[in-house]
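Chemist: One-letter residues, chain by chain:
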Amino acid sequence: MRWSKTGAGLAVVAMCCALAISGAALRQQPTTDRQAVQPGTPSPEGQKHAPEFFVMIDPSHGGADKGAIFGEKLMEKDITLRLAREVRKELEERGIAVRLLRESDIDLSLDRRAEITNEQRAGLYVALHAGRPGKGVRVYAPALTDAQQPLAGRFLPWESAQSAALGRSKNVARAVSEELRKKGFTVASLTVPLRPLNNITASAIAVELAPDADDLQSLESQKRQNNVATAIALGIAQVRSQIGAHQ
Amino acid sequence: MIPRHFQITIALVLLAILVSGIVIIRMTHKEEALTLQAAEAAPAAPMVGGKQEHIQLLLAYDEDQALRWRPADIFLPADRNLRAREMLRSVLAQYLQMPSPHPLAKGADIKDVYFISDDTMIVDTTAQFADGHPSGILLEELTLASLIETLTANVPGIAKVKFLVDGKERETLAGHADLVSFYQTAAVHELAKEFE
Chain A
1 MRWSKTGAGL AVVAMCCALA ISGAALRQQP TTDRQAVQPG TPSPEGQKHA PEFFVMIDPS
61 HGGADKGAIF GEKLMEKDIT LRLAREVRKE LEERGIAVRL LRESDIDLSL DRRAEITNEQ
121 RAGLYVALHA GRPGKGVRVY APALTDAQQP LAGRFLPWES AQSAALGRSK NVARAVSEEL
181 RKKGFTVASL TVPLRPLNNI TASAIAVELA PDADDLQSLE SQKRQNNVAT AIALGIAQVR
241 SQIGAHQ
Chain F
1 MIPRHFQITI ALVLLAILVS GIVIIRMTHK EEALTLQAAE AAPAAPMVGG KQEHIQLLLA
61 YDEDQALRWR PADIFLPADR NLRAREMLRS VLAQYLQMPS PHPLAKGADI KDVYFISDDT
121 MIVDTTAQFA DGHPSGILLE ELTLASLIET LTANVPGIAK VKFLVDGKER ETLAGHADLV
181 SFYQTAAVHE LAKEFE
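Protein chains in written order, with my numbering: chain A, 1 to 247; chain F, 1 to 196.
In short, the hints are calculated from the structure, not lab data. Don't take every hint at face value.
What the hints assert, rightly or not - Beyond 12 Å from chain A on every Cβ pair, some chain F residues (computed):
#1 A11
#2 G21
#3 T28
#4 E31
#5 G50
#6 D118
#7 T126
#8 L139
#9 V161
#10 H176
Unchecked claim - Computed footprint of chain A on chain F, listed as stretches where at least three residues anywhere in the stretch have a Cβ under 8 Å from a Cβ of chain A:
#11 69–81
#12 179–188
To be verified - Restricting the straight-line Cα-Cα distance to at most 20 Å, the calculated cross-link-like pairs of lysine to any residue (SDA-like) are:
#13 F:K51 - F:P71
#14 F:K106 - A:I69
#15 F:K162 - A:W158
#16 F:K193 - A:P133
#17 A:K66 - F:E171
#18 F:K162 - F:S181
#19 A:K135 - F:P134
#20 A:K182 - A:Q225
#21 F:K193 - A:V187
Please read these numbers as outputs of a predicted model, since none were measured by experiment. Backbone N, C-alpha and C define an ideal beta-carbon position, used for all residues, glycine too.
My request is simple: use the sequences and hints to build the entire structure.
Modeler: Right, here's the structure in full:
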């Protein structure tokens with residue numbers, strides 16, 4: 001009897017130890033791309049061929065890649081993550097499904113960002129940035145400066161994977177720019193050869209938040225981020241039917 | 001007993017030695033800093049001769065978020081590769097001066113420029129050009145557009161341009177602008193119009 005109690009006790013202690021060790025291992029395990037996808041969504045494998053439309057929001061940079069540095073400690077990677085969460089909230093309020101490419105401060109290469117977006121068959125990819133100079137917001141549509149002939153079969157040249165969606169991307173950029181202007185922002189609409197936009201097969205745009213004049217704190221302003229997020233969501237909602245599900 | 005005037009003399013001599021020591025150390029540091037500065041500012045490739053020519057450079061102006069053509073008189077050699085390199089270096093020289101319309105890091109320079117086919121050019125920059133480049137989509141795109149447009153406006157027959165950093169391929173200039181792809185100059189010309 002005494003031995004069985006001791007055995008049970010040891011088993012409980014062993015289980016607790018195992019749980020603690022596995023918990024610690026999970027915490028220490030580097031966050032993988034899939035873990036970075038919005039929690040609550042089914043596994044990427046399960047969604048690989050899911051036909052429903054969703055927007056992939058990419059809070060650019062992260063981990064060792066800090067992006068632009070403003071002042072002493074304000075980093076682009078943090079601004080983009082906060083803005084991404086705002087955009088997700090605004091889109092979900094409008095009934096549009098959203099996934100975030102990263103939820104925490106992790107490293108993700110540009111190619112990996114495009115791979116995840118393409119694998120999960122996003123309907124739209126939105127990269128968020130923050131940078132000097134100027135003021136207001138800049139909206140970028142992709143530009144292919146290295147046009148390549150499509151390969152035979154189902155594969156696309158990586159550097160110009162965007163080619164089929166270029167027109168739709170420009171429409172989204174136009175709609176988002178228009179909504180930002182309505183909110184009173186100074187908006188510059190530009191086309192640039194920007195990675196990973198050119199490697200994305202779905203419609204893709206980038207939005208860059210610029211500080212108001214020399215007021216770097218404006219990049220952190222909750223009100224400003226809310227307004228930008230609302231405008232992005234309104235623009236996307238407007239062209240949602242034109243973009244459609246991933247082809 | 002040491003006489004008082006002797007004590008004062010010794011004290012003054014010691015003080016003079018101390019002061020001159022401090023002055024010498026400071027001068028040495030200043031000299032080292034100047035030497036380092038000169039080394040950083042030294043060109044990555046030797047200057048070349050040639051005759052003075054009047055050309056147009058497309059320069060980036062951060063304040064206005066714009067690109068503008070500016071005339072320049074520079075010495076250009078006959079060799080096509082060297083001509084291209086000197087033009088690009090003239091653009092970077094504008095960015096490295098103070099005040100600068102589009103500041104770049106010290107040591108930003110063009111190491112080499114060469115054709116890999118009749119119409120495809122490789123531009124090899126110093127590590128400082130990319131490592132110290134301010135991060136931001138617009139800032140990076142302005143730099144590349146300014147360099148590519150200046151090249152194509154002054155060196156006929158360039159259809160594609162690719163950038164290397166210290167002889168190696170790099171994913172982006174400073175986190176944004178693509179450095180992997182070959183830039184088709186015709187496409188860049190269209191994009192640059194948006195900034196002019």
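Chemist: Which numbered conditions among the earlier hints are violated in the structure presented, ordered from lowest to highest?
Modeler: 8, 9, 10 and 11
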